[in-house]
Amino acid sequence: MIKILRFIKKDWWKVIIVLVLTFAQSMANLYLPSYMSDIVNTGIPSGDIPYIMKIGGLMLGVAFLGITCQIVARFISSKVSSKFSYAIRDSVFKKVESFSLSEFDRFSTASLITRCTNDVTQIQHFLDMTLRMAISAPMMAIGGIIMAIRYGQSLSWILILSCTAIVAVMGLNFLITVPKFKKMQSNIDRLNLVTRENLSGMRVIRAFNAQNNQNKKFDDANISLTKLHLVIGRINAVLQPMTIFIMNITTVVVLWLGSTLVANLSIQVGDLMAFIQYVMQIMFSFQMLSMTFMIIPRAMVSIKRVNDVLDTEPVIKNPLYSEIDTSLNIGVVEFRNVSFIYPNALEPALKDISFTAKPNQLTAIIGSTGSGKSTLANLIPRLYDATNGDIFIDGVNIKNFDIKNLRELIGYVPQKNILFSGTIESNIRFSRSITDDEIIRSSEISQANEFINEKYEGYNHYIAQGGLNVSGGQKQRLSIARALVGSPKIYIFDDSFSSLDFHTESKLKTALFEKTINSTVILITQRVSTIMNADQIIVLDAGRLVGIGTHKDLLKNCNVYYEIASSQLTKEELL
Amino acid sequence: MTIQNKGTDKFDRPIPGPRGGPRATMKLVEKPKDFKGTMKKLVKYLKPYWFLLIISMIFSIASTIFNVLSPRQMGLITTELYLGIMEKNGQIDFIYISRIILLLVLLHIGYSLFHVIQGFISNSVSQKIGYKLRKNMADKFNRLPLYYFDTNLHGDILSRVTNDIDTITATFNQSLSQITSTITQIIGVMVMMLIISPLMTGVTIIIVPLTSLFVTVLVKKSQKYFKAQQKNLGNLNGHVEEMLSGHLVLKVFNGEARSIENFSKLNNELYKSSWKSQFLSGLMMPVTGFIGNIGYVAVCVMGGYLVVSNNIQVGDIQAFIRYVRQFNHPMSQTAGIANTLQSTAAAAERVFQFLNEMEEKPDSDECTDIKDIKGNVSFNDVSFGYSNNVSIIKNLSIEINAGQKVAIVGPTGAGKTTLVNLLMRFYDVDSGSIKIDGIDIRNMKRNDLRNLFGMVLQDTWLFNGTLRDNISYSNPSASDEDVQRAAVLACAEHFILSSGDGYDMIINEEASNISSGQKQLLAIARTILADNPMLILDEATSNVDTRTEILIQKAMDNLMQKRTSFIIAHRLSTIKNADVILVINNGEIIEKGSHIELLKKNGFYSKLYYSQFDKISSESKAL
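Protein chains in written order, with numbering that gives the first Met the number 0: chain A, 0 to 574; chain B, 0 to 622.
In case anyone wonders, no lab produced these hints; they're calculated from the structure.
Ideal Cβ placement from N, Cα and C applies to all residues, glycine included.
Covered stretches of chain A, going by a simulated chain B footprint (3 or more residues, C-beta under 8 Å): (1) 63-77; (2) 106-112; (3) 229-238; (4) 401-409.
Please put together the full structure from these sequences, using the hints given.
See the structure below:
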């Protein structure tokens, strides 16, 4: 809670101005009943109309002063709170962008998105409410108490009594409803979950005739949500009239006791009237306060979620300084006894992997689903750091490279072809300083040029979010073009030709061969046919390296490889 | 068919946040298209509760009347005090005062008590309606044709079930209690004010519309900024979503700097529109407060004048001050209620629209009981299209004998998955008929028909729960041993045991904690356990690597024995041993026969088949 306030630091003097203005405005409001008291006590008994008019004029002036202060305060506070959420949003997003995949796994992408968006908005609402109500309400309450005591000192004890009662009711409300609201959220989540299951599993549910099963699940969630709603609604239905009741009874008691005081001339009638109005004012402020209290728990949850992000240091850090001149690198990749365990996993995803991939060579990695191929690829650009062992490029531990330079050395085509909204050109260029020529050359190699030229706007063709408006094969070709740009020393293709038809694939491979001739190429695949001519093939099975060598060697020496190959090739080809 | 995949793609859209809560005074107000019609339908839902509603109204009116009476009574005390001091030399009638005090206490007790009762009733009515609406929607799910879910966004449907119904119940609760009390209060206060002083009432009534005028102007003005803020927030959130989803690529290509730069731009835009809209909506309270204060001053000054000129009493000033408050409050609330009703109607409209969607034709009463199905399947002159003018399957006829293994091959979009959709009656044929053991499937109960098939689809579906629950979904009574046996047969046991919690591992809400290959293995295990007389395997192993596929193939072969099976596969190697291969192109069966027969024919199939090998040999040349 307090930690989050650091984002307001620079604007603290503005907050003080808001406080002062709000105080002035509260006092202005509070002076009105005292003027009324003057009219009743002095103006009316003497029948002095000009006096009444004069007081009326004063009242208008005070009211005007009040609203002026309030408007200025609102002006400043809306700027402050918007700036505040701007700053939070900014640092949360920057923080998340610095995260490695490990942190993404830990929080889950969906949760990080919510934290950057909904949670920050929630905090902004909270601050806004605070500046609007939570500041003015206590000021009104305190000011009202001071004024009330001035007008009816002997009646103040009633005030103390009823304020305590209201606070007690509020506290009760808080204690009862806050846990209920938390439970409510989980009930809503449950209902959501069942509904989503119903929607996404519609075909399967029907295929398995599981409608009744799902309906019962939904009904359970529905009933418990409705019940909770009923309970919370009832609590609210009781508590709200209860505070109003306390307020009303207080005024009645004040009037009753005040009457005797008036009778023995302890106070004047106008003062009693003013006192009653102050009592109302105070109670009203307390109610406002309770409303702000209600949103605190919700905001606290969001603040905690945002703070969790801000307090997390990415596990992958840039070295403090790195003097490696990457322009001299040639791209020898060496794994030395590398193991990797995903957080919270029991089994390591990679176990004791050692090999060297050299420039001018094709290193292929093959293995079944879940054998750790993609994980291995992710370790080279330090998307994850190895749990044990080290990876070297040209003999230098990758942890000693500047991360940005390291990644520039690598052309990576991920398994999932992710494009961003923008143009074809912006997706290939990806904010690197390169010539248009190079972009065109890269797309020629990746066989993307052809379909790009068919587009009316060519390289300026618009790409929708997630690349939804281009086909899978086109996405893949753009994704390859993106990796080719900048002539990296190391290429990683993670199952990168799966969406291409045969014709395109073979053309692409021929072009690629020329392009990558002086580079290290690491090719991940499930298809033996793709890699039969590779210089070395690494066979992974359940995270272990079970074979390394050429196609011919492995057919003889490696059972796993033979099994894979025999499932894909004809008998003649196996020989 | 691509239609099949749509659901999962769109499913991951974020669910929009809750629409305007009851406390939000100034937000974008959604307008329904047909306010009257929707309200009428909503009122229908209220009908069963008419008795309760009338009682609640009576209580609400009574409690409001109590509330309106009390300031006048308090004023009487003040007047008595004032007159006693000023004119009767301190002679105050305390018996008179205590009688009024007693009356006041009773009034306040009555007000609060009735208020509570009224709150209880409207709360329970609106929650019951919420429950019923949700239930109706869930029931509707099962009666809608699959077509609806294939063509509508899941996120949108989801938000109707949760957010929209939530809006309806919350606002219903609010407006049920507010409408009667507001009307009563306005009328009651007017009467009381007129009794005290018509002149002062006149002045007050001039001030009131001033408030509403100001509020409407302010709302109109700020709508522009609200829209801008909403738009900017949407852009910003969109950027966050896109960048975080593509985090891997962003990292690998050092794109963080540019992403942050764009973010800052969007954030700045948001800041600009956000403080403006906040400021404008923040003006609401000061302005209404100020106008209220002007009213207060007017009452004090005019009241003072009128007391001096002996038209009213001192206590009347006090009462009047309270009445102005009581009058102002419901007046500013009416604007709120109007908005609330609008958004209720907009939400209700979406819900009713869903509830009114065309349903599947219900199972006819003359459905044939199906027992001991052997599994002879025939398509007789079947035609079908997803939309009226494009037919995907034209005059298709096939005979399939019980126990045969039928493979369906053909290029993408040829209509392979559509055949399955028709067979399972996810869609009904446009013309012709499909028969199982001579019985038209339209004469079977849908549930009975579907029970005949075990299915493994390209899109697997798993739910939030343990692996065990997911496997035994089709057969909840299965023992742990049965589940385990099925998992072993489906080659799923290895990954299950290596996942940490074993069979108790919980699949998360997005089913994102296991790979797509593993999902298919689970789906296969589930089908093995279900043990149905016929099988449909639609790209059942598309996400499994070839080596695992061989392992599963054995299990599948066991599974398919003596069962009529339909297999759709891209990899032709997996269907070589099918009894009949149907080659479909453009919705027509162009070739039919066993693998060997078709190869001899040297037609479409053989081209398709050899192109795979062609691919392999050319590939090896390329690298």
